[in-house]
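Residues 1 to 144 (my numbering) are what the sequence shown spells out, left to right.
Hints in this document: simulated from the structure, not taken from any laboratory. There may be inaccurate statements among the hints.
[Unchecked claim] The list that follows gives simulated cross-link-like pairs (lysine-lysine, DSS-like), each with its CA atoms no further than 30 angstroms apart:
#1 K82 with K106
#2 K90 with K102
#3 K130 with K117
#4 K88 with K117
#5 K106 with K89
#6 K100 with K71
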Amino acid sequence: MQDEVNNEEQGQNSDDALDEAMEGSHNARTNMSGVEEISSVRSKKRKNMGSVASLAEVANNAAMLLGDRIKESSSELSEGIKLEVDLKKKTSIITSELQKMKSLSKVERFRAIRKIKSEPDSVLTFWDLKEDEREEWVQFMLSE
Numbered sequence: 001m002q003d004e005v006n007n008e009e010q011g012q013n014s015d016d017a018l019d020e021a022m023e024g025s026h027n028a029r030t031n032m033s034g035v036e037e038i039s040s041v042r043s044k045k046r047k048n049m050g051s052v053a054s055l056a057e058v059a060n061n062a063a064m065l066l067g068d069r070i071k072e073s074s075s076e077l078s079e080g081i082k083l084e085v086d087l088k089k090k091t092s093i094i095t096s097e098l099q100k101m102k103s104l105s106k107v108e109r110f111r112a113i114r115k116i117k118s119e120p121d122s123v124l125t126f127w128d129l130k131e132d133e134r135e136e137w138v139q140f141m142l143s144e
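Starting from the given sequences, assemble the full structure and let the hints guide the process.
Now the structure itself:
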């Protein structure tokens, strides 16, 4: 009987030792898992920081391209405004120039003013011609 009690105690002691070993192993895994979790969080933060940096770089590049395009567009717009102002100026003095042409009747001068001022290309053509050619060109335009 004594042997049976001793065997039971040995069995319990070995079960306890096995339980302790299992618990130690579990604790080690838990601790390693915690380290892995912390490492994983750090890795995600690094990835997020990297993607924030690349996103910032993309935004910066987009802003630079947009700035260049705005600069280019404003230059084109400025040139267009200059041309428009020049055309308005030339259009405004057509009447006084046509009054100098003695070969035109009053009605012809009115028709010429209306026709030339209504077509920007005609205004530019009028001023591109030499002064002695303008009167003939106006006669030609009236005959069309």
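Here is how each hint holds up against the structure:
1. Between K82 and K106 the CA atoms are separated by roughly 33 angstroms; this puts the pair beyond 30 angstroms, and the hint is violated.
2. For the hint pairing K90 with K102, the CA-to-CA distance comes to about 21 angstroms; that is within 30 angstroms, so the pair holds.
3. Under the criterion of a C-alpha separation no larger than 30 angstroms, the hint pairing K130 with K117 is consistent with the structure, at around 19 angstroms.
4. A hinted pair counts as satisfied when its Cα atoms are at most 30 angstroms apart, and K88 with K117 qualifies at roughly 10 angstroms.
5. For the proposed pair K106 and K89, the alpha carbon gap of about 23 angstroms is at most 30 angstroms, so the pair holds.
6. As the CA atoms of K100 and K71 are separated by approximately 44 angstroms, the hinted pair breaks the 30 angstroms bound.
Hints 1, 6, counting from the list given before, are not met by this structure.
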